[in-house]
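Assemble chain B onto chain A, guided by the hints.
Note that the protein sequences, when read in sequence, are chains A and B. Each residue of the first sequence is one higher than the one before, starting from 1 at the first, in our numbering. Each residue of the second sequence is one higher than the one before, starting from 281 at the first, in our numbering.
Source of the hints: derived by calculation from the structure; they are not laboratory data.
Here are the simulated distance ranges between beta carbons:
id, chain 1, residue 1, chain 2, residue 2, range
1, A, Met120, B, Gln515, 22 to 32 Å
2, A, Pro130, B, Ile364, 43 to 53 Å
3, B, Phe557, A, Pro113, 35 to 45 Å
4, B, Ala516, A, Trp134, 27 to 37 Å
5, B, Glu623, A, Asp44, 29 to 39 Å
6, B, Glu623, A, Lys99, 49 to 59 Å
7, B, Gly612, A, Trp134, 37 to 47 Å
8, A, Val92, B, Thr493, 35 to 45 Å
9, B, Glu464, A, Gly133, 35 to 45 Å
10, A, Pro113, B, Thr595, 35 to 45 Å
11, A, Ala51, B, Glu540, 29 to 39 Å
Derived coverage of chain B by chain A (criterion: at least 3 residues anywhere in the stretch with Cβ under 8 Å from a Cβ of chain A; other residues may be distant):
id, stretch
12, 490-502
13, 609-623
Small disclaimer: the values here were computed from a predicted structure and weren't measured. The beta-carbon is built from N, C-alpha and C at its ideal position, and this holds for glycine as well.
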Amino acid sequence: MIPPSYRARPASAAVPWGAWGLRAAAILYLGALVLVPLAVIVQDGLRQGLAGLWRAISLPIAWHALRLTFWTAAVMACINAVMGTLTSYVLVRYQFPGKRLLEAMVDLPLAIPTLVTGVMLVVLYGPQSPLGGWLESSFGWRVIFAPPGIVLALLFVTFPFVVRTVQPVLEDLDREQEDAAATLGAGAWTIFRRVTLPALSLSILSGALLSFSRAIGEFGAIVIVAGNIPLYSQTAAVYVLGEVESENRLGASAVSIVMLATSLGLVWLVDALHRRLVRR
Amino acid sequence: MNKMLSARLQAAFGLLALVLLCACGGTAEEEVGARLILGAYTTPREAYSELIPIFQSRWESQGGQPVTFEESYLGSGAQSRAIIEGFEADVAALSLQADIERIAEAGLITHDWRAAPYGGMVSTSIVAFAVRSGNPLAIQDWADLARPGVEVLTPNPRTSGGAMWNILGLYGAALRGGVQGVPEGDEAAATEFLKAVLRNLSVMDKSARDSMTTFENGVGDVAITYENEVLVGQQAGQDYELVIPASTILIENPVALVDEYVDQHGVRPAAEAFVEFLFSAEAQEVFARHGLRSPDTGVAASTASLYPPVPDLFTITDQFGGWETATPGFFGDQGIFTQAIIEVQGE
Chain A
1 MIPPSYRARP ASAAVPWGAW GLRAAAILYL GALVLVPLAV IVQDGLRQGL AGLWRAISLP
61 IAWHALRLTF WTAAVMACIN AVMGTLTSYV LVRYQFPGKR LLEAMVDLPL AIPTLVTGVM
121 LVVLYGPQSP LGGWLESSFG WRVIFAPPGI VLALLFVTFP FVVRTVQPVL EDLDREQEDA
181 AATLGAGAWT IFRRVTLPAL SLSILSGALL SFSRAIGEFG AIVIVAGNIP LYSQTAAVYV
241 LGEVESENRL GASAVSIVML ATSLGLVWLV DALHRRLVRR
Chain B
281 MNKMLSARLQ AAFGLLALVL LCACGGTAEE EVGARLILGA YTTPREAYSE LIPIFQSRWE
341 SQGGQPVTFE ESYLGSGAQS RAIIEGFEAD VAALSLQADI ERIAEAGLIT HDWRAAPYGG
401 MVSTSIVAFA VRSGNPLAIQ DWADLARPGV EVLTPNPRTS GGAMWNILGL YGAALRGGVQ
461 GVPEGDEAAA TEFLKAVLRN LSVMDKSARD SMTTFENGVG DVAITYENEV LVGQQAGQDY
521 ELVIPASTIL IENPVALVDE YVDQHGVRPA AEAFVEFLFS AEAQEVFARH GLRSPDTGVA
581 ASTASLYPPV PDLFTITDQF GGWETATPGF FGDQGIFTQA IIEVQGE
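Pulled out of the complex, with its shape left as it was, chain A reads as follows (with noise of 0.2 Å):
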């Protein structure tokens, strides 16, 4: 027998202290560690007004700091959109010995120091190694402290985020239509476009613009690949630090303001993307 005290309690304590709690505890957490920060950039950035933003970001070096970092972004996220789907296609519809091997080996770039990526990817394919050296002498491809160096990082680096979005929806993909298709006589190139691919395309997508957003802030590895001239192959990460090492705190966060917003309008579209996919 439960006792009565038991069953029926009090109106008061039917008020939710624990969801309450939960929900400031979140928020204020959220507050002091992502949005004081940003709003602390945000301001230092604005202090001269819109037109000393205008300024800090129209000055040649920084301008080109940021044109870099987005083309560069761009080319890394149509190639990561390709490969990675193809390797999440790989891993979701073929068994093949070393499978499981390949499929913890897609979130290793996330383990690895960005520092350490640089670092390898000069060893490997820098004007020294036999393969920078040989891909330099023979086709003029200067990969290592050049723009190419730059892709090469972020492809990197960002591996991970396309396979990862397009994976599970590639999992959960009913085959009813690929085998109606392939009983209409559609051959496997056809199937893969016609069908498969449009029910891709959102994660594909979102896929990509993570990968460009998350490129965009990239440092460690940058830094140490792509030989940093202005104008030529300086970032607009590595821009901000010279900034910020030259007390031009107005400079660097002017510039960090652009990467910023970028990023949080990508994230935006990413998010609205998702809830279009989930509604489907």
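For chain B alone, kept in the frame of chain A given last:
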């Protein structure tokens, strides 16, 4: 087998307990004496690891309370900002006068630190080149850095305060007639020469040490760097060679006591004695063993075989009117260096 293992374990625990006991005893004792916090730039780390024990025994033999040290090594600019923002270093040893002055401007250094011997400069060096073993490209002087096909390394002066020395050394040498083909005092020609060298740049690392690491990894034909970086690298077994140009700039590294923190910690006597000790001939010889030139004429004379005199050595003050004018004039948005790199990369 098991018995042996447990015996070993017991021995290990016994030893551990002993060590802990000793360590505790040690700290309890140290708490009585002073604790000095040294905030330094990275280059003289090895020198300080030799200097501190010497100072400790000197200080104690003169009747001082035992003094312990806490050392922090960072890039000079970052260290300077950390001290301003509350890293309570009692003594600041940095690579640039500007980094000490920043601390003074923040009100933390209140005495006239430049009244110390040699204007507060505890060590000096010069801007020089590191070249590959055997100097295959026969790089002898500044003019060789502008030859087509020579790959040059220097850190970025925006990220590395010390890299400003390199650019100022190059430009000053050109202005003083130290570069073939650049008439003395011709600023336009000196700027053209700077641009020619910038065209040969392949990597701009974020610090002097990073730049030497890149060079050690086989990138580049010549690295513009400081003499002490090359000498320390050679001591560590690197096979690159040092080339000293005929005309170059004197690098001066200041040291100063940070009054605010020293008084907060109540360690003024020990901190003052330590700074004074750094200027003594004994300490200067230790710096000289670690690649740094001594401002002390006596020590400089006795180490002249290691540090050959430079035919035309100039300082930032006499060539450029000090950092107050050189920093904005060269590295500001409209500065000579900034504009030169914009023009070179725009070509």
